[in-house]
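Enquirer: Chains as they are written, first to last, in our numbering: chain H, 1 to 696; chain R, 697 to 878; chain Y, 879 to 979.
I should point out that these hints are in silico values taken from the structure, not numbers from a laboratory.
Small disclaimer: the values here were computed from a predicted structure and weren't measured.
Any given hint might turn out to be false.
What the hints assert, rightly or not - No more than 25 Å apart at the CA atoms, straight line, and that leaves these computed lysine to any residue pairs for SDA-like:
{"#": "1", "chain 1": "H", "residue 1": "K59", "chain 2": "R", "residue 2": "A809"}
{"#": "2", "chain 1": "H", "residue 1": "K54", "chain 2": "R", "residue 2": "L859"}
{"#": "3", "chain 1": "H", "residue 1": "K496", "chain 2": "H", "residue 2": "A73"}
{"#": "4", "chain 1": "H", "residue 1": "K59", "chain 2": "H", "residue 2": "E136"}
{"#": "5", "chain 1": "H", "residue 1": "K59", "chain 2": "R", "residue 2": "K797"}
{"#": "6", "chain 1": "R", "residue 1": "K724", "chain 2": "Y", "residue 2": "L961"}
{"#": "7", "chain 1": "R", "residue 1": "K724", "chain 2": "H", "residue 2": "K337"}
{"#": "8", "chain 1": "R", "residue 1": "K724", "chain 2": "Y", "residue 2": "V912"}
{"#": "9", "chain 1": "R", "residue 1": "K797", "chain 2": "H", "residue 2": "R673"}
{"#": "10", "chain 1": "R", "residue 1": "K724", "chain 2": "H", "residue 2": "R55"}
{"#": "11", "chain 1": "R", "residue 1": "K724", "chain 2": "Y", "residue 2": "N970"}
{"#": "12", "chain 1": "R", "residue 1": "K724", "chain 2": "Y", "residue 2": "A890"}
{"#": "13", "chain 1": "R", "residue 1": "K797", "chain 2": "H", "residue 2": "A690"}
{"#": "14", "chain 1": "H", "residue 1": "K54", "chain 2": "R", "residue 2": "F775"}
{"#": "15", "chain 1": "H", "residue 1": "K400", "chain 2": "H", "residue 2": "E493"}
{"#": "16", "chain 1": "H", "residue 1": "K54", "chain 2": "R", "residue 2": "H733"}
{"#": "17", "chain 1": "R", "residue 1": "K724", "chain 2": "H", "residue 2": "F70"}
{"#": "18", "chain 1": "R", "residue 1": "K724", "chain 2": "H", "residue 2": "D334"}
{"#": "19", "chain 1": "R", "residue 1": "K797", "chain 2": "Y", "residue 2": "F940"}
{"#": "20", "chain 1": "R", "residue 1": "K724", "chain 2": "H", "residue 2": "Q676"}
{"#": "21", "chain 1": "H", "residue 1": "K486", "chain 2": "R", "residue 2": "K724"}
{"#": "22", "chain 1": "R", "residue 1": "K724", "chain 2": "Y", "residue 2": "N965"}
{"#": "23", "chain 1": "R", "residue 1": "K797", "chain 2": "H", "residue 2": "A73"}
{"#": "24", "chain 1": "R", "residue 1": "K724", "chain 2": "H", "residue 2": "F56"}
{"#": "25", "chain 1": "H", "residue 1": "K400", "chain 2": "H", "residue 2": "A464"}
{"#": "26", "chain 1": "R", "residue 1": "K724", "chain 2": "H", "residue 2": "I682"}
{"#": "27", "chain 1": "R", "residue 1": "K797", "chain 2": "H", "residue 2": "I674"}
{"#": "28", "chain 1": "R", "residue 1": "K724", "chain 2": "R", "residue 2": "L772"}
{"#": "29", "chain 1": "H", "residue 1": "K59", "chain 2": "R", "residue 2": "V740"}
{"#": "30", "chain 1": "R", "residue 1": "K724", "chain 2": "H", "residue 2": "E493"}
{"#": "31", "chain 1": "H", "residue 1": "K337", "chain 2": "H", "residue 2": "G451"}
To be verified - Quick list of the computed label-pair ranges, beta carbon to beta carbon:
{"#": "32", "chain 1": "R", "residue 1": "A857", "chain 2": "H", "residue 2": "A655", "range": "31 to 41 Å"}
{"#": "33", "chain 1": "Y", "residue 1": "D932", "chain 2": "R", "residue 2": "S852", "range": "16 to 26 Å"}
{"#": "34", "chain 1": "H", "residue 1": "R564", "chain 2": "R", "residue 2": "F775", "range": "47 to 57 Å"}
{"#": "35", "chain 1": "R", "residue 1": "E838", "chain 2": "H", "residue 2": "G662", "range": "31 to 41 Å"}
{"#": "36", "chain 1": "H", "residue 1": "A687", "chain 2": "R", "residue 2": "T729", "range": "42 to 52 Å"}
{"#": "37", "chain 1": "H", "residue 1": "A655", "chain 2": "R", "residue 2": "L854", "range": "50 to 60 Å"}
{"#": "38", "chain 1": "H", "residue 1": "V48", "chain 2": "R", "residue 2": "R794", "range": "42 to 52 Å"}
{"#": "39", "chain 1": "R", "residue 1": "S852", "chain 2": "H", "residue 2": "P237", "range": "51 to 61 Å"}
{"#": "40", "chain 1": "R", "residue 1": "L859", "chain 2": "H", "residue 2": "S100", "range": "26 to 36 Å"}
Quick reminder that beta carbons are idealized off the backbone N, C-alpha and C, glycines included.
Below are the chains, spelled out letter by letter.
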Amino acid sequence: MIGLLAPGLVAPVLVVAEEAHAAELSSGGLLASAAWLIPVVPLVAAWVIALFGKRFPLKGWDVAIAVMGFEAAYGTVLLLSHIANPIGYEGTVEIARIGSLPIEWGWTVDGLSIMMYSIVGVVGFLVFLYARGYMEGDIRYTWFFASFTLFAGGMLVLVSAPNLLQLIVGWELVGVSSWLLIGHYWEEHENSSAAIKAFLVNRVGDIGLFIGAIIVSVSVGSFRFSDVLDGVESGAPTLARYAFWGGVALFIGAMGKSAQFPLHVWLPDAMAGPTPVSALMHAATMVTAGVYLVGRVYPLYLTEGFADDVRSFIIVVGALTLFLTGLIALVQNDIKKVLAYSTLSQLGYMTAAMGAGAYTAGLFHLFTHAFFKALLFLGAGSVIHAVHSNNLSDMGGLRKDMPWTFRTFVVGSLALAGILPLAGFFSKDEILASLRFAGSEESGFTAAQGGAGLANVVLVLAIAGAFVTAFYMARTVFLTFYGQYKGHGHPHESPKVMWVPLAVLGFFSIVAGWINIPGITSTFTDVVGARFHLVADHHAESFDYLAMVLGLAAAVGGIALGYRIWFPDRATQAERDTFTIPGLYPLLSAKYHIDTFYMDGIIRPIRGPVAGAVNWVNGHVIDFVVNGAGLAAMGLGRGVYVLDQEGVDGAINAAGAVTGAGGGVLRRMQSGRIEQYATWLIGGTVALVAGFIIFS
Amino acid sequence: MSLTDWLSTPENWVFLVIALPMLAAAVKLVTTTNVVHAALYLVVTLAASAAVLLLLGAEFVAWTVVLVSIGAVVVLFLFGIMITRAPMGREATLSHPRSVKLAAAAVSFALFALIGGAAVDAFTSQPLTEPADATRTGALGEVLFTRFVIPFEVVSVLLLAALIGGIVLARRDPGETAGGGL
Amino acid sequence: MTVTQFVLLGAALFSIGVYGVLTRRNAVLVLLSVELMLAAVNVNLVAFDRHLADQLAGGQVFALFTIAVSAAEVGIGLAIVLLIFRNRRSANVDELDLLKL
């Protein structure tokens with residue numbers, strides 16, 4: 001701003017450079033050059049709501065919903081015009097320069113970011129709409145919407161970033177605002193612990209991100225993604241030498257935010273926040289950030305000689321996450337935790353797809369998952385709102401009392417389970433097909449990258465994961481909506497402001513998959529493919545029937561087994577409530593002891609020695625100094641005592657009398673009130689200095 | 697230099713645009729009845745102070761203020777507010793009663809009059825010289841690691857001491873298990 | 879721009895900070911006000927640095943030191959507040975009147 005207001009005042013602080021790369025992409029005109037509004041508007045609005053929100057007629061919600069309406073509209077318009085005419089645009093503003101390294105703020109408008117803008121906008125808008133009903137009467141209503149807007153804004157900063165520095169800024173904004181939101185009810189110790197846990201586990205990943213950003217940027221000499229990817233394209237030797245470690249470190253950052261095994265432990269605890277927060281966090285923002293980052297630098301992972309070896313690591317982490325966390329979801333009794341573990345499992349699918357080289361499939365699952373997972377969370381919130389409990393054992397039989405919630409929840413569950421023709425089917429099928437392709441001869445998925453054998457193992461895990469997904473969603477639906485109501489009070493349908501977003505999300509959960517049907521439509525492939533530094537991607541021309549049949553069979557089988565065990569007519573009430581998975585239950589309900597391992601295996605051993613070392617220093621070094629000082633003082637005291645006896649006594653007595661008299665006057669100053677002392681101190685200093693100036 | 701002369705320079709308008717909101721935010725910081733708002737006003741004030749530093753051509757210091765003070769210190773404050781469960785809403789008992797406020801206002805005003813008077817008296821209204829080169833980060837780094845290297849090391853040791861001191865102060869005693877968790 | 883205007887700005891900011899330190903009961907808010915005073919010091923240091931056109935950029939270097947010291951101060955300050963809060967269930971400075979005894 002300063003540079004613009006008074007040119008020549010400071011070094012050229014602001015230099016606006018707007019560029020459109022890649023000849024085949026259009027510059028997008030005003031629509032793209034004004035896209036800097038996308039991240040800036042919510043950031044400003046968050047401040048407005050925090051400081052002045054209470055003066056608005058609807059206590060700040062009105063500002064928040066207007067902002068999200070703007071985001072949804074802008075995102076949709078961008079997406080539509082991008083489909084009509086692919087846009088590739090990058091605007092940058094130089095805000096400072098350290099030596100020759102510019103620090104820039106910018107906004108990227110290309111297929112990948114437009115896809116994210118539109119889902120953050122649309123899903124965010126619906127969640128904010130819903131939040132008005134859900135948060136009604138909350139003690140910190142305005143504050144909630146301020147941090148919620150900041151959360152969405154942070155994600156948009158991250159998505160719009162054309163360089164790694166801004167990405168880190170957005171990354172941390174999301175981290176901080178998620179911390180605020182998870183700890184929204186911080187009066188309870190558990191909730192603020194969950195917030196701190198999320199923050200700290202994310203930090204572990206963040207260190208990876210920092211190291212990765214430093215390695216990649218230093219070896220290229222620029223923070224810009226376009227320069228990094230140019231380096232990949234032209235085969236820059238310095239980057240090639242360090243790309244492996246840079247890629248590993250960046251992926252560790254992605255593991256933290258996208259909650260990949262074994263850094264997944266924060267996400268289930270993050271359920272401590274209000275349900276709309278969980279919905280947005282699991283659907284469009286935060287957890288998608290890691291997958292987005294991998295997608296953003298994808299050519300780095302795809303090009304041979306750079307970080308392509310990291311892909312074996314990525315695919316293994318994704319496969320472990322998708323399978324292990326899916327199993328935990330089976331034994332959860334808290335409806336939000338079931339959904340949380342299911343998110344982890346679906347994130348595992350996305351990561352595995354990214355590792356297998358299926359850029360489009362991974363992002364497509366991110367896209368469809370955003371809709372049905374937001375729907376499921378909001379549906380769960382609606383149920384929780386009605387029965388005032390998170391526990392599945394307090395629910396049951398709600399299908400008649402909450403018709404809209406029931407219908408939409410079933411749609412969301414079927415979409416998540418991957419039933420034809422809902423959204424989840426198409427995206428999951430594409431992942432399975434990609435994994436099968438990666439396992440085939442022609443894919444060129446080399447042994448260093450993971451190899452065909454690994455891809456086939458992951459494919460089996462993914463199909464098993466699809467079975468588990470359908471199984472636990474069937475359990476959730478049957479325990480929540482069928483059988484007898486076991487809670488207290490009278491459940492009722494939620495207000496219109498809550499179920500209308502559910503219905504809209506339900507609609508998207510049905511149709512979102514239709515934009516990328518192999519051999520029929522390829523809109524989504526074209527959207528995310530139209531970006532700088534094209535990503536060569538395998539997009540099947542026709543269905544991979546084997547993968548489709550296996551995936552569908554797994555889903556139907558899961559639902560059938562769930563029906564057999566948990567549907568009311570097929571089992572007695574007592575059997576349903578107490579059914580546990582034989583053999584596996586103790587391990588699963590302890591969540592593979594990972595949390596215990598972190599606490600007992602890492603945190604305590606570190607904390608103990610540190611505390612011990614501090615104690616040792618305290619006991620030995622500091623005590624020694626103190627004792628030494630004490631002994632010296634005693635020696636001095638003996639000397640002084642002699643002097644004292646000799647004749648100081650008289651003087652002391654006289655001084656004592658004066659002091660006593662003075663003390664009588666000054667006693668009133670000794671109130672023990674620290675602020676009065678400080679006032680006297682500063683007032684006295686002022687008087688002294690004033691006297692010094694005047695009389696010198 | 698008369699006021700009209702002063703106002704005829706565009707830089708001074710920029711100064712006013714930064715300084716007035718800064719002072720307003722500072723006043724709100726010390727008077728607001730909401731703890732979280734106070735922390736947010738601190739962000740505004742520090743951001744404005746960074747802008748003032750930019751205006752003076754001290755880029756590196758300005759960005760350090762943004763990174764350290766706004767980025768780290770404010771988050772630390774929010775942690776502090778959350779941990780001490782300071783009341784988040786309006787709270788009348790955050791400040792001392794009126795009598796204390798009056799005395800404090802008198803003392804602060806006297807302080808301002810003293811420093812301000814001395815400054816006006818001591819410095820001529822001769823304009824500041826243009827810096828030879830606004831981007832002096834390299835030179836600053838050189839000075840920091842040559843002429844000022846010992847103070848720099850002392851500051852490092854101070855930070856280490858503060859780190860250890862913070863752990864010693866904030867950790868629970870081994871026997872004390874109340875609360876549990878992290 | 880003259881150096882006076884920056885010194886006046888710094889003085890005003892410092893005095894507001896002093897007011898805050900003197901009037902706040904909550905210890906976290908006292909620390910916030912101290913932060914304000916330190917910001918005022920930084921403005922002054924950099925303004926004088928520019929005024930004197932110091933070849934060694936001493937003002938800027940010391941502003942950097944101030945920032946580092948203020949970070950340390952906040953860390954220790956908040957740790958003390960936390961300790962007091964744990965022991966007394968309150969972060970109000972006027973309830974800490976052990977000095978009176």
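Enquirer: Each hint needs a verdict: does it hold in this structure or not?
Expert: Okay, the hints, checked on the actual structure:
The hinted pair formed by K59(H) and A809(R) fails the criterion: a straight-line CA distance of about 41 Å is larger than 25 Å. Taken as a hint, the K54(H) and L859(R) pair is broken in the structure, with Cα atoms around 39 Å apart against an allowance of 25 Å. Taking the CA atoms of K496(H) and A73(H), the gap is about 22 Å. The hint holds against a cut of 25 Å. For the proposed pair K59(H) and E136(H), the alpha carbon gap of about 11 Å is at most 25 Å, so the pair holds.
Restraint check for K59(H) and K797(R): not satisfied, since their Cα atoms lie roughly 31 Å apart, outside the 25 Å limit. Restraint check for K724(R) and L961(Y): not satisfied, since their Cα atoms lie roughly 28 Å apart, outside the 25 Å limit. Under the criterion of a C-alpha separation no larger than 25 Å, the hint pairing K724(R) with K337(H) is inconsistent with the structure, at around 42 Å. Among the hinted pairs, K724(R) with V912(Y) is consistent with the structure: their alpha-carbon atoms are about 15 Å apart, no more than 25 Å.
Of the pairs offered as hints, the one joining K797(R) and R673(H) holds, with about 14 Å between alpha carbons and a cut-off of 25 Å not exceeded. A distance of roughly 17 Å separates the Cα atoms of K724(R) and R55(H); the hinted pair therefore holds under the 25 Å criterion. With a CA separation close to 20 Å, the supplied pair K724(R) and N970(Y) stays within the 25 Å bound. A threshold of 25 Å between alpha carbons decides the hint, and for K724(R) with A890(Y) the separation of about 14 Å falls inside it, so the pair holds.
Straight-line distance between C-alpha atoms of K797(R) and A690(H) comes to about 23 Å, which keeps the hinted pair within the 25 Å bound. Proximity of K54(H) to F775(R) is assessed by CA-CA distance (about 24 Å); at most 25 Å being required, the pair is judged to hold. A C-alpha spacing of about 9 Å is found between K400(H) and E493(H), which places the hinted pair at or below 25 Å, so the restraint holds. The suggested pairing of K54(H) with H733(R) holds, with an alpha-carbon distance near 12 Å, which does not exceed 25 Å.
Restraint check: the Cα-Cα separation between K724(R) and F70(H) comes to about 31 Å, which exceeds 25 Å; the hinted pair is violated. With a C-alpha separation of about 44 Å, the suggested pair K724(R) and D334(H) falls outside the 25 Å cut-off, and the hint is violated. Restraint check: the Cα-Cα separation between K797(R) and F940(Y) comes to about 33 Å, which exceeds 25 Å; the hinted pair is violated. Among the hinted pairs, K724(R) with Q676(H) is consistent with the structure: their alpha-carbon atoms are about 22 Å apart, no more than 25 Å.
In summary, the hint linking K486(H) to K724(R) is not supported, as the alpha carbons are separated by about 52 Å, beyond the 25 Å threshold. Note on K724(R) and N965(Y): the hinted pairing is violated, with a Cα-Cα distance of about 31 Å set against a maximum of 25 Å. Note on K797(R) and A73(H): the hinted pairing is violated, with a Cα-Cα distance of about 50 Å set against a maximum of 25 Å. About 20 Å separates the Cα atoms of K724(R) and F56(H), which keeps this hinted pair within 25 Å; it holds.
Annotation: proposed proximity of K400(H) to A464(H) is violated, straight-line Cα distance about 33 Å (limit 25 Å). Of the supplied pair hints, the one linking K724(R) and I682(H) holds, its CA atoms being roughly 22 Å apart against a limit of 25 Å. The hinted pair formed by K797(R) and I674(H) meets the criterion: a straight-line CA distance of about 14 Å does not exceed 25 Å. For the hint linking K724(R) to L772(R), the alpha-carbon distance of about 20 Å falls within 25 Å, and the restraint holds.
Of the pairs offered as hints, the one joining K59(H) and V740(R) holds, with about 22 Å between alpha carbons and a cut-off of 25 Å not exceeded. A distance of roughly 44 Å separates the Cα atoms of K724(R) and E493(H); the hinted pair therefore is violated under the 25 Å criterion. Taking the CA atoms of K337(H) and G451(H), the gap is near 35 Å; set against the 25 Å cutoff, the hint is violated. At about 39 Å, the CB distance of A857(R) to A655(H) agrees with the hint of 31 to 41 Å.
One distance hint, 16 to 26 Å for the beta-carbon pair D932(Y) and S852(R), holds here, with the actual separation near 23 Å. Between R564(H) and F775(R) the Cβ separation comes to about 50 Å, which falls inside the hinted range of 47 to 57 Å. Take E838(R) and G662(H): their Cβ atoms lie about 56 Å apart, and the range 31 to 41 Å is violated. In this structure the hint that A687(H) and T729(R) lie 42 to 52 Å apart at CB is violated, the actual value being about 32 Å.
At about 39 Å, the beta-carbon gap between A655(H) and L854(R) misses the expected band of 50 to 60 Å. Distance hint for V48(H) and R794(R): a CB-CB separation of about 32 Å, inconsistent with the stated range 42 to 52 Å. Checking the proposed 51 to 61 Å range against S852(R) and P237(H) shows it is violated: the Cβ atoms sit about 36 Å from each other. A hinted range of 26 to 36 Å for the beta carbons of L859(R) and S100(H) is consistent with their spacing of about 33 Å.
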